Each structure stands twice: as C-alpha cells, then as structure tokens.
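Colleague: Model the placement of chain B on the given structure of chain A, informed by the hints.
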Amino acid sequence: MGIKSLCLKKSLWLFHFGGASCNNCDIEILDCLTPRYDVERLGMLLVGSPRHADVILVNGSINKRDKERLLEVYNQAARPCFVVAIGACGCTGGIFAEGNTFAGPVDKIIPVDAYIPGCPPKPEAILAGVVKLVKAKFG
Amino acid sequence: MAQQIFYFLVFPGLLFAGVAGGLLSWFDRKVTAWVQFRRGPVLMQPFYDFLKLLLVKETIVPARGSVLTFLAAPVFGLFGAGISAVFILLPAFGIASGFTGDVIVIFYLLTIPSLSYVIGALASGNPLASVGASREIKLMAGFELTLLLIFAAVIMKSGMNISLYGIIEYQQENGALIGSLSGILLFIAVIFCIQAKLGMVPFDIAEAETELSEGAFIEFSGPPYALIKLTKYIMLLVLPALAGAMLLGGLHFGGLSGLWSVLKILAVVLLLTLIRNTNPRVKVGQAMRFFFIWMNALVIAAIILGYLGL
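Protein sequences, first through last, are from chains A and B.
Oh and the first sequence: position 86 is 340 in this note's numbering, straight run, nothing missing.
Oh and the second sequence: position 129 is 146 in this note's numbering, straight run, nothing missing.
Only chain A is shown next, with the shape it has when bound in the complex (with noise of 0.2 Å):
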C-alpha cells in the first residue's frame, strides 16, 4: 500500500450532511463520537466545512429542497471524498418512500459508497460500516 492510500485511510474527516431527518440517525451518528465507542482513535474527526471533508455521512429522507442541498454539498467537498448513505430512509428512502415532496433515495443523486441499513443504524452498525467501506477502498 503506497504512503498516499495510507495516510487517506488513517485519517477519514467526516462531514455529516442531515437530509429530512427524524434526528435519530443523527445521535446515533454523534453516539460514534462519544467515549464508548470514540472514532477519533480510527483517526476520524467529524469536520464542519465540506472543503475538509473525506467522507460525507448523508442520513435522513432527501426531499426536493435538500437534493439542490446535498448535491451543492458533494460538489463543494474536496476529491477523492467517499459518499456513506446512513439508515433506512439514506438508503431507500424508507417509510418516506412513496412520499410527494421524496426526490429519491441519496444513491439517485449521487454516487454512494456504502450503505448502512438500519432504523436507527446502531453505532457499532454504522463503525462496522465505515470499516468495510476502508477495507473495500484500501484493501
């Protein structure tokens, strides 16, 4: 593995990006943060410009107004930057699914690199994700 992937994979910034969300998958993505489970010793640091980040953790239903949002947001971020779509309404859309004002579930309008199911995700579900999205991108 060269120097570049090493370092890449070592230190992951996270840009939390919340579509229409019920606010759970966001405190189970800060619950990631907290002194049980603690990222940072992964070398994650939750960031608060998309211009630092790496990894944009989209969670939450995507209605109209947030798809102009969110792809302002992925095309601000800083390349090579990982797309990870974060519990049941990220992923598919979820009960939000057949909604009116549902502009598609985040993989319809930007490419994602891992999904991570779930209503909440648990912690330990979403850091068993970011590490098979490594494992995956770095071997």
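Hints were generated in silico from the structure; no laboratory data involved.
As the structure is a prediction and not an experimental result, all values here were calculated from the model.
Treat the hints with care, as some may be off.
Said to hold, decoys possible - The calculated DMTMM-like cross-link candidates involving lysine to aspartate or glutamate, where the alpha carbons are at most 20 Å apart (straight line), are: (1) LYS263(A) with GLU75(B); (2) LYS391(A) with GLU75(B); (3) LYS362(A) with GLU326(A); (4) LYS47(B) with ASP292(A); (5) LYS258(A) with GLU75(B).
Modeller: Only chain B this time, still in chain A's reference frame:
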C-alpha cells in the same frame, strides 16, 4: 549563508519544529481524549493528517476572490512561524546567533501567522470566513498589547536585556523569573495570550467549528490547508518554548537539562490543554474586555511589583 538556510529549513526551523510540533499536537489531542475518558488518536495521527492533506486531497480555489492571495497566505504564515521557530529555538540550543533586540523581532514574527489567516480568509470571498477574519483581528487587537507588555516586563526584570539569549543567561545566573510574585502574574498572563494566539477553546472565536464551521479556514482544502496545519503545529511548539525561555528559567538541550526543558514545554502544553477542555467559548467582546482590562491590569501590576523588586 548555507548555515542560515540549514537553520531555517532543517534544524530548529521548519522540519524539526514541524515534527516536534506535530508530536505536541498529538499530546494535546491525547490529553483531550483522556480528559473525556476516550482512547484518543495514534502517535502518528498529526503526520497522517498533514500528509493526507498535502498529497491526496485536491486544491479548490475560490471562484470569486483573489486566487493568488488565497494561495500565498498559508505560505506566508508558514514562513513567519518557521523564522520565529529559528529565533526562539536557537538560543534554547545554546547557539548565540541572535542579535541584540531579537526579542522585538520575535514579537513581530509571531503576529505573521495570525495575519496570514486573516489575509487568506478575506481573499476567499466566503462570508463565514470574513466573519472569522474580523473576529481574529479583534482578538489580535486584544491580546497583542498584553503580549507586548509581557515582553516589556520580562526585559525589565532581566536587567534590560533585549536578546533572548541574554534573558536565558540572566535566568541561569539569578534563577528563573517565575520565582517571584511578579513572575507568577506574568506567567498567568502569558498562558492566556498563548491560548488566544493558538486559537484554543476559550478564545477559538475565529474558527468556532459549531457556528462558523472553521471560520477563517472554511475555504481551504488540500495542500494550502496542510500548510496551515503545519503552521499550527509549529506555533504549538514555539509559543510554549517562548514561555519557557522567558519565564521558566530558559531551555537548554543537552544532557539531563534537556529532559528538564522538554518537561517544561510539555507542562505548558498540558496546562493549555486542560484550560481548553474545561472552558466554554467566550464572545469576542468578552475576550477583548478580558485582555484590555484584566490581563493588562495584571501585567501592569506585575511591572510595578517587578520595579519594586518583588
């Protein structure tokens, strides 16, 4: 000439100060993790972050804004930090290459990184960045006067010595300046000034992650942001080293006293980290009032006490 370039690029300058400052930044993050009952990042984490930004990420330049100024500002700041590292660390390694009056030059060089953050932020054309820049300027207006008064007090207490090497030598002969009442007051003031200069939590008004999303640094990505990170690592080494050299009896590397000097720097960084983990962010007006009234009063009291020989 070759020696000066070596000083600047390799030994006390960019390379050495970057690596040592990176390790201090790891220490800061690890202590923060321990305070919050977490495990914390691995030892190499600051270097992974730096190399990732430098080698892997792409550079995005603002569409509306001055691209040249935007890209030059981090370089400018890094060179300011590198030169101040040379001036502060050379006397600490016992090389008397400083000239008379280098304390005043150090004071000016230490403002360059903060100024370059302001320039870079204003060149990016982002409204949040300009709010961050204006806050950084206000904060500088607050703490720079206090820092200047601290420098004046240290110069007065060390027998009107205006070279850092002379100040360290004076303390070798007459005991550390912190050993007196006025020295303790100066140390308290210098810790708060360092906190503000590093943008650590009670005074992280300019980068405020939660309200301004990194404020002044919001538009930086890739290699320019890597240079800003490196500047921050170097400043995290240089400012505690300056506090150690001016007030804690000087730094001397070599033999057992070298270990003692490293412990001094680690103790200052530990103090900074503990302050940053146990305080909320203040508003910019509160920060300015804190420095203009309380810290200036503290330092002036210290000058008066020092004049009376206490």
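Colleague: Sort out which numbered hints this structure fails and list those numbers smallest first.
Modeller: none
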